[in-house]
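Trainee: Sequence:
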Amino acid sequence: MNKNRKFCSVSVHEHIYFLTKQTLGLSSCNDVLPIYVGDDRTDEDAFKFLTEGNRGYGILVTPAPKESSAYYSLRDPSEF
7 MNKNRKFCSV
17 SVHEHIYFLT
27 KQTLGLSSCN
37 DVLPIYVGDD
47 RTDEDAFKFL
57 TEGNRGYGIL
67 VTPAPKESSA
77 YYSLRDPSEF
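Heads up: the sequence shown runs through residues 7 to 86, numbered per this note's numbering.
One or more hints might be untrue.
[Stated by the list, open to error] Simulated DEER-style distance windows between Cβ atoms:
| hint | residue 1 | residue 2 | range |
| --- | --- | --- | --- |
| 1 | SER84 | TYR63 | 27 to 37 Å |
| 2 | ARG47 | LEU25 | 15 to 25 Å |
| 3 | VAL38 | PHE86 | 13 to 23 Å |
In case anyone wonders, no lab produced these hints; they're calculated from the structure. Just so you know, even glycine gets a beta-carbon here, dropped at the ideal spot from N, CA and C.
Work out the full structure: start from the sequences and follow the hints.
Mentor: See below:
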């Protein structure tokens, strides 16, 4: 194990912002629609970020209905 390895403590929504705005240079594009697909509680941060700012759509994949900030839900990944 490399003891000098640094770990990042950046949230998922910060990664989404960085990827779409900084890395891909889409900060001035109005015709880009991010879609985030996730299957557990750790994805709620991204779902909320996209939904609250009208920045895109979150899709929760879960076999049983649950409370979520995702805009859509699917029962199985094959439905995607």
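Trainee: Next step is simple, just say for each hint if it's right about the structure.
Mentor: Status of the hints after comparison with the structure:
For the hinted restraint 27 to 37 Å between SER84 and TYR63, the CB-CB distance of approximately 19 Å leaves it violated. Roughly 21 Å separates the CB atoms of ARG47 and LEU25, a value that falls within the hinted 15 to 25 Å. In this structure the supplied range 13 to 23 Å holds for VAL38 paired with PHE86, their Cβ-Cβ distance being about 19 Å.
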